[in-house]
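S.K.: Protein chains in written order, with the working numbering: chain A, 1 to 131; chain B, 1 to 128.
FYI, nobody ran anything at the bench for these hints, they're computed from the structure. Since the structure is predicted, the reported quantities are computational estimates derived from the model, not experimental observations. Check each hint, because a few of them may be wrong.
[Unchecked claim] If you only want the chain A side, here are some residues facing chain B, beta carbon under 10 Å, derived: (1) Pro61; (2) Met64; (3) Asp68; (4) Leu70; (5) Ala81; (6) Thr87; (7) Gly103; (8) Gly106; (9) Glu113; (10) Lys117.
[Said to hold, decoys possible] The following label-pair restraints were derived from C-beta to C-beta distances: (11) B:Asp60 <-> A:Glu49: 33 to 39 Å; (12) A:Tyr83 <-> B:Gln15: 15 to 21 Å; (13) A:Pro8 <-> B:Ala110: 56 to 62 Å; (14) B:Ala110 <-> A:Lys59: 43 to 49 Å; (15) A:Glu52 <-> B:Val108: 35 to 41 Å; (16) B:Asn37 <-> A:Gly93: 46 to 52 Å.
[Said to hold, decoys possible] Only pairs whose alpha carbons sit at most 16 Å apart, straight line, appear in this in silico EDC-like list of lysine to aspartate or glutamate: (17) A:Lys50 <-> A:Glu27; (18) B:Lys22 <-> B:Asp8; (19) A:Lys59 <-> A:Glu27; (20) A:Lys88 <-> B:Glu20; (21) B:Lys109 <-> B:Asp67; (22) A:Lys88 <-> B:Glu73; (23) B:Lys22 <-> B:Asp60; (24) B:Lys70 <-> B:Glu38; (25) B:Lys22 <-> B:Asp66; (26) B:Lys54 <-> B:Asp67; (27) B:Lys22 <-> B:Asp113; (28) B:Lys124 <-> A:Glu27; (29) B:Lys124 <-> A:Glu65; (30) A:Lys88 <-> B:Glu38.
Where a beta carbon is used, it is the ideal one built from N, C-alpha and C, also for glycine.
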Amino acid sequence: MAGTVSEPKIAREVAEAEVRRWAETVENPEGATEPLARAVMGGRLAFDEKAETFTVSLKYPVSMENGDTLKDLMIVQPTSALYRDCTKGNREGIDATLRLISGVSGRALGLVERVKKADLVVLMDCLNFFG
Amino acid sequence: MAAVRGGDIRQLTIQGREFEVKGGDANVNVDLGGFSNEIDFAGNGVVMTRQRRKAAGFSDCPILIDDSRKDMEYLKGLADAGNPVPVNMTLASAVTYSGSLTIIGDLVKATGDGTLTLEMRGAKFEQI
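Isolated chain A (complex conformation):
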């Protein structure tokens, strides 16, 4: 399950309140979702309110061929142009989403495609957070 927390680092009530507060800063109350709160509880999600960027620590880090490990992804708010580019050529569904995550994180598509589903759910919710 996405953001499963066996030993919460942050209490549920505190995590939920934090995510609600973040959502209010971007004026999208519906952005305060359960997966985001669970990731906060697990200490895997941080939000920079000034820069409006998320840092997601991956539950399942991605091993790279060059020996490095992708441990976290920084997500910025996508621009309209990025949205347009990612849905060009009849791209839709998960293909467009992966391209969008690649665009907002600055990481290669081939790398984003190796992110596990549990982490992908949190990343997708980060995107939806902005409305």
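With chain A fixed as given, assemble chain B onto it according to the hints.
M.R.: Chain B in isolation, oriented as in the chain A frame:
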């Protein structure tokens, strides 16, 4: 191992900006760098090998230029600066190469098919 051995470039990003690479018959040459060997013969028949370092990167990459996005101007800015920039290239097999590369050669757009053939080189262009 990836079953797909060839095909279109699925994604090319240069300093975080995605460029569209022409599909179909496009044949981008990826080079991992390392050394280039030449051999020569001494008069008595002994083989002499000369090994020289060579840059990594790619060449013959046909980029579809979007003038409304000022793609050419953006690339010209990078070329004029002359500094290496982060490049990621995801192939049809989903294998991704990454490196810090500099634009090499002239930036010329062919107006017929709207492409610009790009070459970039650097110290490393490796799988990630």
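S.K.: Assess, step by step, whether the Cα of lysine 124 of chain B is no farther than 16 Å from the Cα of glutamate 27 of chain A, and give holds or violated.
M.R.: violated, 44 Å
S.K.: Within 15 to 21 Å or not, the Cβ separation of tyrosine 83 of chain A and glutamine 15 of chain B?
M.R.: Holds, since tyrosine 83 of chain A and glutamine 15 of chain B (Cβ atoms, about 20 Å apart) stay within the stated range.
S.K.: Given glycine 106 of chain A as an interface hint, is its Cβ closer than 10 Å to any Cβ of chain B?
M.R.: Hint on glycine 106 of chain A: holds, closest Cβ of chain B at ~5 Å, below 10 Å.
S.K.: Keeping to a limit of 16 Å between CA atoms, is the pair of lysine 59 of chain A and glutamate 27 of chain A held or broken?
M.R.: Roughly 28 Å between the alpha carbons, so the hint for lysine 59 of chain A and glutamate 27 of chain A is violated.
S.K.: So, as I understand it, the hint says aspartate 68 of chain A touches chain B; can you test that by seeing if any CB pair is closer than 10 Å?
M.R.: holds, 7 Å
S.K.: Is the straight-line distance between the alpha-carbon of lysine 88 of chain A and that of glutamate 73 of chain B 16 Å or less?
M.R.: violated, 22 Å
S.K.: Taken at face value, is the distance from the CA of aspartate 60 of chain B to the CA of lysine 22 of chain B at most 16 Å?
M.R.: holds, 11 Å
S.K.: With a cut-off of 16 Å on the C-alpha distance, tell me whether lysine 50 of chain A and glutamate 27 of chain A pass.
M.R.: holds, 14 Å
S.K.: Could you say whether the range 35 to 41 Å given as a hint is met by the Cβ separation of glutamate 52 of chain A and valine 108 of chain B?
M.R.: holds, 39 Å
S.K.: Does the hinted range 43 to 49 Å hold for alanine 110 of chain B and lysine 59 of chain A at CB?
M.R.: The hint (43 to 49 Å, Cβ to Cβ) holds, given that alanine 110 of chain B and lysine 59 of chain A are roughly 47 Å apart.
S.K.: Can you confirm whether the C-alpha distance between lysine 22 of chain B and aspartate 66 of chain B stays at or below 16 Å?
M.R.: holds, 12 Å
S.K.: Tell me if lysine 117 of chain A is really an interface residue toward chain B, meaning its C-beta lies closer than 10 Å to one of theirs.
M.R.: Cβ of lysine 117 of chain A sits 16 Å from chain B, so the hint is violated.
Comparing the model with each earlier hint shows violations of hints 1, 6, 10, 11, 19, 22, 24, 26, 28, 30; every other hint is respected.
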